[in-house]
Amino acid sequence: MRVLLVEDEVRLADALASVMRRERFIVDQADNLGAATEAVAIGEFDLVLLDRTLPDGEGLSLVPHVRARNPGVHIIILSARSAVEDRVVGLDEGADDYLVKPFSVDELLARIRAVRRRPAQLQGEQIRAGTVIYDLSNEEVEVNGARIDLPRRELRVLAALMKRRGRTVLRESLEQAVFAFDDEIQSNTLDSHISRLRRRLKDSGAGIEIHAIRGVGYLLREAA
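Plus 52 on top of the position in the sequence shown (first one is 1) and you've got the numbering used here.
Check the hints yourself; a few may be wrong.
As the list claims (entries may be wrong) - Listed next, the in silico SDA-like pairs over lysine to any residue satisfying Cα-Cα at most 25 angstroms (straight line):
1) K254 x A212
2) K153 x E75
3) K254 x A264
4) K153 x L143
These aren't lab readings, by the way, just hints derived from the structure by calculation.
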C-alpha cells in the first residue's frame, strides 16, 4: 500500500512514517497543501492521511483532487480540530474516517485496516490473470488457490502490470507506482524487482509472463 502523509508537524510526521514503513507501507510525505497537490498529480496512492490545518490552506481542499485522480482511494483526516461540526464537515467532504489528535498509533493502524476492508464488499477489488488472484484491498496474492507472500515492491509491480494486462506499461509509470519520491534508486532497481518477481511467478505456476519492451517498459500476459 502506498500512502501519502500530509502533515506539517515534522516530529509527528516522521514518527508516523517510520511506523508505517515498518508495517510495509510505501510512504511519501508532504508538509503543505502545495506539495501534497503535486504529489497527488503524479503519484498513485492507496491511502491519504491528511491534516486539516496546513501552512498554506485547509487540508480538506485536497480531497476533490484526490478523488478525481483515484475515486477508490482511502482518506483519513488527522486533526486537532475535535468539535463535532469539524468531524461532520470532514466526513461530508469525502473523508472515510476522522481521527482526532492526539491519537494512539495502534488506533490509527486499526482504522487503516478498517477502511481497507470496505472496498472488498463495495467494489469487488480483485484482479485476475492466469491462475493469479490479486486482492487489491488487502494486498494479498493467491496462485492456484494458495496464498504467496511477495515483498511490498514486487506486490506493487504485479498490481500495476495486472491492471493493464496485455498492454505495455511505461517504465516511468511503474517506477511511480513502486517507489516513494525520495527513494534512492539505481537505473536497474526496477529491473531487479521484476526479475525476482518473474522467478516467483514461474516457480508457483502462475500462468503469466512479464516481458520487457526494450526502451519502453514491461508487458504482462498469460503464458501460451
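Taking the hints in turn, this is what the structure says about them:
Taken as a hint, the K254 and A212 pair is honoured in the structure, with Cα atoms around 18 angstroms apart against an allowance of 25 angstroms. Between the alpha carbons of K153 and E75 the distance comes to roughly 21 angstroms, so the proposed pair stays at or under 25 angstroms and holds. A C-alpha spacing of about 16 angstroms is found between K254 and A264, which places the hinted pair at or below 25 angstroms, so the restraint holds. This hinted pair checks out: K153 and L143 have alpha carbons roughly 16 angstroms apart, not beyond 25 angstroms.
In summary, the structure agrees with every hint in the numbered list given earlier.
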